[in-house]
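Q: Based on the sequences and whatever the hints tell you, model everything.
Protein chains: 2
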Amino acid sequence: MSDFAIGVDVGGTKALAVVVSDNGTVVDQLRSGTPHGRDADPGARAAEVVADQVLELSRRQGIDPRCVPIGVGLPGLMRRDGHLAFAPNLQSASGSDLGALLGDALGRSSIVAENDANCAAIAEHAWGAGRDIDDFVMVTLGTGIGGGIVADGQLVRGHSGFAGEIGHMVVEANGALCRCGARGCWERYASGGGLQRLSREAALDGRLPTVVARVGAANRVKGEDVTRAAAEGLDEAVAVIDRVGWWLALGLANLTAILDTGCFVVGGGLSEVAGLVLPSARTHLAGLVEGYDARATITIVESAFGSLSGAMGAALVAFERAS
Amino acid sequence: MSDFAIGVDVGGTKALAVVVSDNGTVVDQLRSGTPHGRDADPGARAAEVVADQVLELSRRQGIDPRCVPIGVGLPGLMRRDGHLAFAPNLQSASGSDLGALLGDALGRSSIVAENDANCAAIAEHAWGAGRDIDDFVMVTLGTGIGGGIVADGQLVRGHSGFAGEIGHMVVEANGALCRCGARGCWERYASGGGLQRLSREAALDGRLPTVVARVGAANRVKGEDVTRAAAEGLDEAVAVIDRVGWWLALGLANLTAILDTGCFVVGGGLSEVAGLVLPSARTHLAGLVEGYDARATITIVESAFGSLSGAMGAALVAFERAS
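Order-wise, the sequence lines are chains A and B. Per numbering that gives the first Met the number 0, the first sequence starts with residue 0, numbered consecutively. Per numbering that gives the first Met the number 0, the second sequence starts with residue 0, numbered consecutively.
There's no promise every hint is true.
Residues from chain A that keep clear of chain B, each with C-beta distances beyond 12 Å, as calculated [said to hold, decoys possible]:
#: 1; residue: T24
#: 2; residue: D40
#: 3; residue: R156
#: 4; residue: Q195
#: 5; residue: D204
Derived list of chain A stretches under chain B, where covered just means 3 residues or more per stretch with a C-beta under 8 Å from a C-beta of chain B [as the list claims (entries may be wrong)]:
#: 6; region: 79-89
#: 7; region: 158-165
#: 8; region: 293-299
If you're looking for bench data, these hints aren't it; they were derived computationally from the structure. Glycine included, every Cβ here is placed at the ideal spot set by N, Cα and C.
A: See the structure below:
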């Protein structure tokens, strides 16, 4: 078995590539922007970006890019054969076989690809916050919300391999329009995109006067402005974060009803604000879960690897494929 | 192994007891009303009703009620030890160990009890519409909505045994109040209770003038009045049924996102109107499932045993326990 693998987590806004040792240590990492819009050739630009990352990391670490195990995590419906069947948050690659394109770009055979949140679940289960926990749901908060369901120690894959698309569970019928085409999807309320949307709404409603004064105009308010102000303890910003926490708890309550999950591991790009959002979600959960008092304690924990877990899991999938 | 077993499905409005042969044939059945309200002694009156049913069926079939395998299906959170931990639709028995009470009433040891929708899933998987299907969700439409999730041929039980409470997935944040204490639960929109509520609402809104004229007053309109009128083809009633079908499809779309289930088996007490509601749900599903076109065909089929499947599954659980 190889000592190192490269894992790349291609998200809606950035691609994160890591070099991981076989005991789960990240020895190097690199972030790049993700190409947007619809290409004539789906996935071509994304494959280019990732190939550049692989070459750069290989050069830095003295690794041969034609031999090192490489895995890619992608947002959306991944078929078991590696095709990205549908990716509302990465439309430039929707419909492509990025693993094959990447293999071509690197002059080697197809690269293994897996759903990004499944990657995160696998990494947390092997090395992180889901270690020794046989039933948990990995919840990745990024541009959208991804999920990886571990039941009885096994990843739940579903009929075509698409299980875990928890961000597209509708929690507000006829609610906010989602990039998937539906309305009221959970990720429109509790992801990074949800924070952004709720922040903008609050600013335009006059509920964030101090934050608006800081940035100059209501329509310039971003999620990170609110996060920063909430971290300082500004009440108007804390209220918006608390609302995001309530929506997060609502979706976790739904997953609890359906799966009776005792543990949620929260990661992804928004996990940097986990310290603000998760306490709020924990508080609201009790009032939202059916029969909360009759149940065992439900824990919501931060992922051990934060925004790294998807890329680490992609590397782990590559190790497994290579072994 | 015994040739016959008795299964009882204790629902929110009635208890249905059946005598089932070991090949899944129902040889006798009996319906009784379910006691309501909170007892000083939770479950005592429900146990009495069920014990009477068992004695009556035993007498009719020449069975010894102290030896025949007996199983009970109950609505709500069933612990693996048989305790009904929380039952918003059967509050008179919430918190009780109905299996033990029933054993006492019949002068024998504790009777095996299981969640009613899990029972239905087990029966459909063994003998009915879920035969040879390894991944499906049983959806029971009654007073509420119950669920039994079969993945890879196994019933998903979850951390405490409470998995499958799909009716309490919130689909309308801050929506209609549910008996579980939460707001906007799916079962407030797509169950028999949901049909009742949406019918009453439509009547009071003036959207059911013909039906209201028939029954005399808007606040006297019941779900079955609308079902009957819809079966006759009355447009105003068909529109209400279509709305129930839309809500049903919304929840099924959520389950598809989370579990990637390729098949739903719909049963329960409301399944008698399945011929009206399911075509509507099938039509709406395509517009509600994320990446519908990228997925394999999703089938929504009627249960093979209708309102009998819960009781039949309870009998099957009893057979398994006895063997």
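Q: Look at each hint and say if it fits the structure.
A: How the hints compare with the structure:
1. With a least beta-carbon separation of about 31 Å from chain B, T24(A) lies farther than 12 Å from that chain, consistent with its non-interface assignment.
2. The non-interface label for D40(A) is consistent with chain B: the shortest C-beta to C-beta separation is roughly 19 Å, beyond 12 Å.
3. Distance to chain B contradicts R156(A) as a non-interface residue, since its nearest Cβ pair spans about 7 Å, not more than 12 Å.
4. At roughly 19 Å, the least C-beta separation between Q195(A) and chain B is larger than 12 Å, which holds for a residue marked as non-interface.
5. At roughly 17 Å, the least C-beta separation between D204(A) and chain B is larger than 12 Å, which holds for a residue marked as non-interface.
6. A stretch counts as covered by a chain when three or more of its residues have a beta carbon under 8 Å from one of that chain; for the region 79-89 of chain A and chain B the count is 3, and the coverage holds.
7. As drawn, the region 158-165 of chain A meets chain B at 8 residues by the rule of a beta-carbon pair under 8 Å; at three or more, the given contact holds.
8. For the region 293-299 of chain A, the stated coverage by chain B holds: 3 residues have a C-beta nearer than 8 Å to a C-beta of that chain, and at least 3 were required.
Taken one by one, the earlier hints fail for this structure only at number 3.
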